[in-house]
Amino acid sequence: MSLLVRDLTLSHPGQPPILRGAALDLRPGDRLAILGGNGAGKTTLGRALAGLIAPMQGQILWNDRAWYEHRRAERAGMVQFVGQQPWLQLSGRAFTVREEIAFGPENLCLPRSEIARRTDEAMELLGLTHLARRNCRHLSGGETQRLVLAGALAMHPQLLVLDEPMIDLDLQTRETLAGHLNNLPWQMAVVFLDVAAQPWMRGLVRDQLEIRDGGLQPPQPDPAPPEIPVPPVPDHDLDGPAIRLNGLSFGYKDAPPLFRDVTLDIPKGSVTAVLGPNGAGKSSLLRLLSGLERPTAGRIDIAGYDPVRANPKALAAHIGVTFQASDRHFVQARVVDEVALALRYQGIAAAKARFRAGQVLAWMGMADLAKAHPLDLHAGARRMVALAGAVAHGPDVLMLDESQRGLDAAHLARLEALIGFLAARGAAVLIVTHDQDFATRVASHRLMLGDGGMQLAPATGVLPPA
Amino acid sequence: MLYRSGVSALHRTGPLTKLALVLLAATMLPIWPAPVLLAAAGLALAAGALCRIGWAMARRLAMLLVPVGLALFVVHGFMLENGPARPLGPLDYYPQGLARALTYFARIALLLTVSLLMVMTTRVNDLARALDQKGLPPAAAYLLTAPLNLVDGIADEAAAIRDSLQVRGLAARSGLRARVRLLGAMLMPLVRGMISEAGTRAEALEARGFRALPHRSLLDPLTETPAEVRLRMGLLLASGAQLLVLAL
Numbered sequence: 001m002s003l004l005v006r007d008l009t010l011s012h013p014g015q016p017p018i019l020r021g022a023a024l025d026l027r028p029g030d031r032l033a034i035l036g037g038n039g040a041g042k043t044t045l046g047r048a049l050a051g052l053i054a055p056m057q058g059q060i061l062w063n064d065r066a067w068y069e070h071r072r073a074e075r076a077g078m079v080q081f082v083g084q085q086p087w088l089q090l091s092g093r094a095f096t097v098r099e100e101i102a103f104g105p106e107n108l109c110l111p112r113s114e115i116a117r118r119t120d121e122a123m124e125l126l127g128l129t130h131l132a133r134r135n136c137r138h139l140s141g142g143e144t145q146r147l148v149l150a151g152a153l154a155m156h157p158q159l160l161v162l163d164e165p166m167i168d169l170d171l172q173t174r175e176t177l178a179g180h181l182n183n184l185p186w187q188m189a190v191v192f193l194d195v196a197a198q199p200w201m202r203g204l205v206r207d208q209l210e211i212r213d214g215g216l217q218p219p220q221p222d223p224a225p226p227e228i229p230v231p232p233v234p235d236h237d238l239d240g241p242a243i244r245l246n247g248l249s250f251g252y253k254d255a256p257p258l259f260r261d262v263t264l265d266i267p268k269g270s271v272t273a274v275l276g277p278n279g280a281g282k283s284s285l286l287r288l289l290s291g292l293e294r295p296t297a298g299r300i301d302i303a304g305y306d307p308v309r310a311n312p313k314a315l316a317a318h319i320g321v322t323f324q325a326s327d328r329h330f331v332q333a334r335v336v337d338e339v340a341l342a343l344r345y346q347g348i349a350a351a352k353a354r355f356r357a358g359q360v361l362a363w364m365g366m367a368d369l370a371k372a373h374p375l376d377l378h379a380g381a382r383r384m385v386a387l388a389g390a391v392a393h394g395p396d397v398l399m400l401d402e403s404q405r406g407l408d409a410a411h412l413a414r415l416e417a418l419i420g421f422l423a424a425r426g427a428a429v430l431i432v433t434h435d436q437d438f439a440t441r442v443a444s445h446r447l448m449l450g451d452g453g454m455q456l457a458p459a460t461g462v463l464p465p466a
Numbered sequence: 001m002l003y004r005s006g007v008s009a010l011h012r013t014g015p016l017t018k019l020a021l022v023l024l025a026a027t028m029l030p031i032w033p034a035p036v037l038l039a040a041a042g043l044a045l046a047a048g049a050l051c052r053i054g055w056a057m058a059r060r061l062a063m064l065l066v067p068v069g070l071a072l073f074v075v076h077g078f079m080l081e082n083g084p085a086r087p088l089g090p091l092d093y094y095p096q097g098l099a100r101a102l103t104y105f106a107r108i109a110l111l112l113t114v115s116l117l118m119v120m121t122t123r124v125n126d127l128a129r130a131l132d133q134k135g136l137p138p139a140a141a142y143l144l145t146a147p148l149n150l151v152d153g154i155a156d157e158a159a160a161i162r163d164s165l166q167v168r169g170l171a172a173r174s175g176l177r178a179r180v181r182l183l184g185a186m187l188m189p190l191v192r193g194m195i196s197e198a199g200t201r202a203e204a205l206e207a208r209g210f211r212a213l214p215h216r217s218l219l220d221p222l223t224e225t226p227a228e229v230r231l232r233m234g235l236l237l238a239s240g241a242q243l244l245v246l247a248l
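Chains A and B, in that order, give the protein sequences. Take the first sequence: its letter number 9 is residue 9 in this note's numbering, and every next letter is one higher. Take the second sequence: its letter number 161 is residue 161 in this note's numbering, and every next letter is one higher.
The hints are simulated quantities; they were obtained by calculation from the structure and are not laboratory data. One should not assume that every hint holds.
[Said to hold, decoys possible] Think about it this way: if two alpha-carbon atoms lie no more than 25 Å apart in a straight line, the pair counts; the simulated SDA-like pairs of lysine to any residue are:
1) A:Lys371 to B:Ala49
2) A:Lys313 to B:Gly153
3) A:Lys352 to B:Arg181
4) B:Lys134 to B:Ala155
5) B:Lys134 to B:Val22
6) A:Lys371 to B:Val191
7) A:Lys313 to B:Ala26
8) A:Lys253 to A:Pro226
9) A:Lys253 to B:Arg123
10) A:Lys253 to A:Glu293
11) A:Lys352 to A:Gln324
12) B:Lys134 to A:Glu121
13) A:Lys253 to B:Ala155
14) A:Lys313 to B:Val151
15) A:Lys313 to B:Met63
16) A:Lys253 to B:Ala26
17) A:Lys313 to B:Met188
18) A:Lys371 to A:Gln436
19) A:Lys253 to B:Leu222
20) A:Lys253 to A:Asp451
21) B:Lys134 to B:Ala49
22) A:Lys371 to B:Ala62
23) A:Lys253 to B:Ala56
24) A:Lys253 to A:Leu238
25) B:Lys134 to A:Ser113
26) A:Lys253 to B:Gly153
27) A:Lys253 to B:Met63
28) A:Lys253 to B:Leu61
29) A:Lys253 to B:Arg192
30) A:Lys313 to A:Gly358
31) A:Lys253 to A:Gln324
32) A:Lys253 to A:Thr296
33) A:Lys253 to B:Ala198
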């Protein structure tokens, strides 16, 4: 296998080039990380390497021939691209994990014995054998990521392009998957795309390049995070809890209870890292506090409202929520309208709401994106838009579900400054995160979930991995 | 999700045989009178009960048939002039219109009941595999099964958008007006989201060689007993006979 990139120019539709005259050589066994901040063009480059988009200018040659010169069946065995949203890469044609992995080899009309061999091999490599008969739709985020990867590996590609492959995984799953990636066939070339060098890349990646100044260059040390100016905060009353749980119990139908008779207070002005293993109920807790689920027993008091009984409009004035898969929650066609939506539902006039949304976007450094469609932005900007929409109305309780995922240093600095600002104003901020470093930097408290209970304690030292 | 897992005889029956059953029901519609069609629908519901999906089927049928039935009987029985009218309290009704409404209702009921029986006992991918196995081009099988696959995708998307609107102050639990407002707010993002995701899904399919060749091979081909093949042939012959009766 050889992949030669010469004089490559790439751009997003209607925008200036993100890469100009880039060159790259890939040979069997290469393990290359291509790094770059949010919007640098990593995904676009990865898609071009995988033949999913055509370059504006220049050449990408697979085995000395252009992409379109290869037959379609041949292409599928040359390059596989695994993107950031694994659930969108499932075929929709398979019920079980085994069937999903077999889908690609079946398309190539391979003999049954070969399909079975490749499927079993990919399941083994990614630790999915015990899930072979599981319904694809009933997998966790990490399992889905591994399934998509297994589906790509079953094609026996000569080049594998992985776009932020660990973005949806917790620490333990990252380490497990990194171990599995270490066992890939040696002759397969692998390109990892990410915002920065990650701990799991150690021992896995041999070379690194960075997208900088329109080219592919050797990486430089990360610059210090930018200073984010924060408006002065007037004195606020920090007495009393922002959230009060009284005898809270909750569980999903046909599943063991997640919470049993939990009573605790979360103080105003606190930043609480919600921690616990997968399935402990972290996201479910945020859904309960947002009024999207009903407790089976007990009562929640959030800024003086019971989320179950409160008028959603009244409750929404006091809470801000970002969801883990924020892309699925955009409802407006322009960024400024998306950010202004909660204000509009509070009855604020459109012009005034847009003005306020514009101010928030300006503070976040995204004023020029106000008229764009949220789904047309890069992943980092989409997360920041979701965040702006959650804070524009000045909530008393802000709930963030993995909002830091996939953000580069500049965006992360803004997120942390915003959390600090809201907490100083007296808001309680709850963050569900698997990022230990992020939680350690921002959290004043930790809320450990597990075994049906919750334990709130001041955060001291390094927080344990989620 | 429409499919309900189970181990009943109908669950084990091949998708193409169940498809032939739907075809038989469809060819019955223009030929048989309403009581026969309703009896056949009742039989299908009873078969669903034997497969332990009776309640789920009945709930879905009620959701679909009650509004349709009401609309049919009101429009044909009271609003459209159809033969001589008879008084009913302060209103006039048309017996012929009611009979026509009953016929339409019975046709819709039978087709829905048999179709539900099929989709609730058949995994969509098994249907696609069965079509692949018969040599249908992969794209054609995909096209035929895509609407069933879409149901789950749309439900997930809609739930996410509803959550997003609710936490920002728009809720569905305060009456009809709010629900209508919510539906209006959900429509565009739902369509846009589905279109946006469709592009990514299409790329993913192409990358894995979908439609690269005119046919697919299968890891686990579906197997059929000779009795099932004979049953399917019988169903197809009966459908053909009904079409012949209709043509004559």
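- Message: Are any of the numbered hints broken by this structure? If so, which, sorted upward?
- Response: Those not satisfied are hints 1, 2, 4, 7, 8, 11, 12, 14, 15, 16, 18, 19, 21, 22, 24, 29, 33.
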